[in-house]
Amino acid sequence: MTHHRSDDIAPGDILLAVENVSLAFGGVKAITEVSFDIRKGEIRAIIGPNGAGKTSMLNVINGFYNPNEGRITFAGRTRPRMKPYEAASQGIARTFQNVALFKGMSTLDNIMAGRTLKMRRNFFWQALRHGPALDEEIEHRKFCEEIIDFLEIEHIRKTPVGKLPYGLQKRVELGRALAMEPTLLLLDEPMAGMNLEEKEDMSRFVIDVNNHYGTTIALIEHDIGVVMDLSDRIVVLEYGRKIADGTPAEVKSDQKVIDAYLGVAH
Amino acid sequence: MDILYKIFIDPFMQMGAAPDLLVQALWEGLVGGVLYALIALGFVLIFKASGVFNFAQGIMMVFAALTLVGLYEWMARHGVPAPAAIALVLTIGVMYVLAVSIEKFVLRPLVNQPDIILFMATFGLTFVLVGLGELIFGGEPKQMITEQLWLPKGSIDMKILGGLVSLQKIDIAAAVIASAMVAGLAVFFQSTRIGRALRAVADDHQAALSVGISLNQIWVIVWFTAGIVALATGIMWGARSDVSFALEIIALKALPVLILGGFTSIPGAIVGGLIIGVGEKLGEFYWGPLLGGGIESWLAYFIALAFLLFRPQGLFGEKIIERI
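Residue numbers (the numbering used here), protein chains in the order written: chain A, 1 to 266; chain B, 1001 to 1324.
Hints should not be assumed to be uniformly reliable.
[Stated by the list, open to error] Computed beta-carbon distance windows for the label pairs:
| hint | chain 1 | residue 1 | chain 2 | residue 2 | range |
| --- | --- | --- | --- | --- | --- |
| 1 | A | R141 | B | V1100 | 25 to 35 Å |
| 2 | A | R141 | B | K1104 | 28 to 38 Å |
| 3 | B | P1312 | A | E145 | 30 to 40 Å |
| 4 | A | R77 | B | W1074 | 49 to 59 Å |
| 5 | B | F1127 | A | T159 | 52 to 62 Å |
| 6 | B | W1287 | A | E152 | 31 to 41 Å |
| 7 | A | R141 | B | I1117 | 53 to 63 Å |
[To be verified] Some chain B residues well away from chain A (every beta-carbon gap over 10 Å; in silico):
| hint | residue |
| --- | --- |
| 8 | A1017 |
| 9 | E1134 |
| 10 | V1182 |
| 11 | P1267 |
Please keep in mind that the hints were generated in silico from the structure rather than gathered at the bench. For glycine and all other residues, C-beta sits at the position ideal for the given N, C-alpha and C.
My request is simple: use the sequences and hints to build the entire structure.
Shown next as structure tokens:
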């Protein structure tokens, strides 16, 4: 169980450090020399106008993209190039802007898929559904049922997720990420396209996950009200550069942020 | 009225009049069906894991059989002991190398591309394998090494229902081997971590990656398994006719089987295969003469067409869910 090393880090210490990261697609610069850190146990928001490089930043953190320059240190380990499944095995889970679920599978199976890396028994035993493998399956199943209770989605346990309304799909996606027992949870616009009630539910879940499981959370969100309420600290990106970084109160009064959001007279 | 009588009454009268012939036709249909099911299985595996119809499955079958026979012939010529066993092991090794290469050179560069691109890539793969096969083993048809692989020969003749029914031993072996493979695969993919991972990969690449599933690993496993299925199919079909590139055409018979059974279902491939196999034989035998015979070659496609109209996801396929 090598991926539990991040438990050594005390709450409040730096869990993830992004240093001078730049990312370009051909001539298009998505991220330019961005540095910030995420402390263990906090809710960290990344905000910015459309095209600011927020999702690209998450993609760099969980290994979908490799930065052209800069370093990323997670749980005390600075990494070279990394693949998404390696990031996952080190304890980084995520959800996606446009829900990426296994649509043909049930809610339960989707969440069970999040346990993939936790399953250690030989597939031969699994196939026989026998002995230790069966115990293991039951144990994982139990864990997933807890998550299902936690997210209040018991009634859709067996429903293929493709049939679910959008708000519930987002919840299932959160459940799948939680099933990984992540150290760091990346949420890409968890409340996009939701009505007020759904947003409130989701906010509550985000706070509960943070309190209940002690999970460090980095989230991208456009609803500034929600962001200000939820987060401990906020990074603001614009055109791929960091323009502000601090507590909600600091960020709110930052002139550059106000200009970026409200536009500036020339 | 005469034509209706010939379609709806007469064939059944014939069945009743000569039950031994009916049994023989059913048996041959079932055996053919099992072999179709084996081919279809190869397609289903890859379709489940990547949502791609692998056009190269047929040529993989030919390639596997050619490799087996080619290696055997070479080793027999050079006096290697137990050439058949070694050839079998080596061929399995070749199928593994093939799976790894396909993953590395075809699938990996095309990750996250639309399905149609991957489909076209399997066309390319087909031509590469045809070329490779001809280059290494030549274009001459070869004889499958059935005896050397301990497959039985001859037939069992049974006197039942007042007639003689003859069962080829090789057909019985084919049925047993196919059933064992199918059962093994069904269990493997239903209830293992890899099985779940496989379904996850089929659904959404990005999401699968994010929960820690390695696409590369899954693809190698799936293509290797499909390669093993191709090898088994190649041996069985090769035993019935010669091993040649013409066998590739038979693989197309898997299409109606898949439409019937559903592209994503292993049990569906089996049932679909059996229905097509039996339907084909009975159709040819009892209804064929009405149309002057030869309906075996197109009846399967006709049945598939009817299915497409009424149940496009097949008998066992996952229900197609589209939100509008």
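Structure-based check of each hint:
1. Taken as a hint, the range 25 to 35 Å holds for the pair R141 of chain A and V1100 of chain B, whose Cβ atoms sit roughly 34 Å apart.
2. The beta-carbon spacing between R141 of chain A and K1104 of chain B, approximately 36 Å, falls within the hinted interval of 28 to 38 Å.
3. Our hint of 30 to 40 Å for P1312 of chain B and E145 of chain A holds, since their Cβ atoms are close to 35 Å apart.
4. Distance hint for R77 of chain A and W1074 of chain B: a CB-CB separation of about 51 Å, consistent with the stated range 49 to 59 Å.
5. A hinted range of 52 to 62 Å for the beta carbons of F1127 of chain B and T159 of chain A is inconsistent with their spacing of about 44 Å.
6. At roughly 59 Å, the beta-carbon separation of W1287 of chain B and E152 of chain A lies outside the given 31 to 41 Å, and the hint is violated.
7. Distance hint for R141 of chain A and I1117 of chain B: a CB-CB separation of about 37 Å, inconsistent with the stated range 53 to 63 Å.
8. For A1017 of chain B, the shortest C-beta to C-beta distance to chain A comes to about 48 Å, beyond the 10 Å cut-off, and the non-interface label holds.
9. Separation of E1134 of chain B from chain A is adequate, the least Cβ-Cβ distance of about 37 Å exceeding the 10 Å criterion.
10. Every CB of chain A lies more than 10 Å from the CB of V1182 of chain B, the least distance being 14 Å, so the non-interface label holds.
11. Separation of P1267 of chain B from chain A is adequate, the least Cβ-Cβ distance of about 16 Å exceeding the 10 Å criterion.
In terms of the numbered hints stated before, the structure departs from hints 5, 6, 7, listed from lowest to highest.
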